[in-house]
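Chemist: Sequence:
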Amino acid sequence: MAETSEKKRVIKPPTMLDALIPILSLIVLLAGAVLLYGDEATSGPTQVALLLSMMIAGLVGLKNGHRWEDMGHAAGEGISTALGAIFILLAVGALVGTWMMSGTIATLVYLGVQFLSPNWYYLACVIICGLLSLSIGSSWTVVG
1394 MAETSEKKRV IKPPTMLDAL IPILSLIVLL AGAVLLYGDE ATSGPTQVAL LLSMMIAGLV
1454 GLKNGHRWED MGHAAGEGIS TALGAIFILL AVGALVGTWM MSGTIATLVY LGVQFLSPNW
1514 YYLACVIICG LLSLSIGSSW TVVG
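Our numbering numbers the first residue of the sequence shown as 1394 and each following residue consecutively.
No lab work stands behind these hints: they were computed from the structure. Even for Gly, the Cβ is constructed at its ideal location relative to N, Cα and C. Hints are supplied without guarantee of correctness; some may be wrong.
[Said to hold, decoys possible] Listed next, with one range per pair, are the computed distances between beta-carbon atoms: (1) Ala1475 / Gly1496: 26 to 36 Å; (2) Met1464 / Thr1500: 48 to 58 Å; (3) Thr1435 / Val1502: 48 to 58 Å.
Sequences and hints are given; from them, build the entire structure.
Modeler: Have a look at this one:
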């Protein structure tokens, strides 16, 4: 009988240290990017920090016996699960952006100041936002 040259893979569950290494590396790399680049950190260094911590997480997965292909497939499944919510957030962002550009939000703030006493403004904002989010079904649209 011919033996297969492929070794049996043993997938170990991650230890607490395995779980903390990518998170701590992300925190350290993001803090370093902000300390080194200040306000310019959002132009690219933070994305590099995210990619490096992702590679560190991949190396931890390799250490525990996972294959690159399996991790890539799992990442694709996770992204496809979250894609619906991402599209909703993009649509809400576009809606809020058009409201800001068209002056709708400024008009609503102006009218709110005209109709409400400053003593009741915060309480009224909470109640109105709560009712609005319940009626349209999206608290993200109201928050925007």
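Chemist: Per the hint of 48 to 58 Å, is the separation of the Cβ atoms of threonine 1435 and valine 1502 within bounds?
Modeler: Given range 48 to 58 Å: violated, Cβ gap about 27 Å.
Chemist: Starting from the range 48 to 58 Å, see whether the pair methionine 1464 and threonine 1500 falls in it by beta-carbon distance.
Modeler: With Cβ atoms ~50 Å apart, the hint holds.
Chemist: Is 26 to 36 Å right for how far apart the beta carbons of alanine 1475 and glycine 1496 are?
Modeler: Because 33 Å falls inside the window, the suggested range holds.
Consistency note: the structure conflicts with earlier hint 3 alone.
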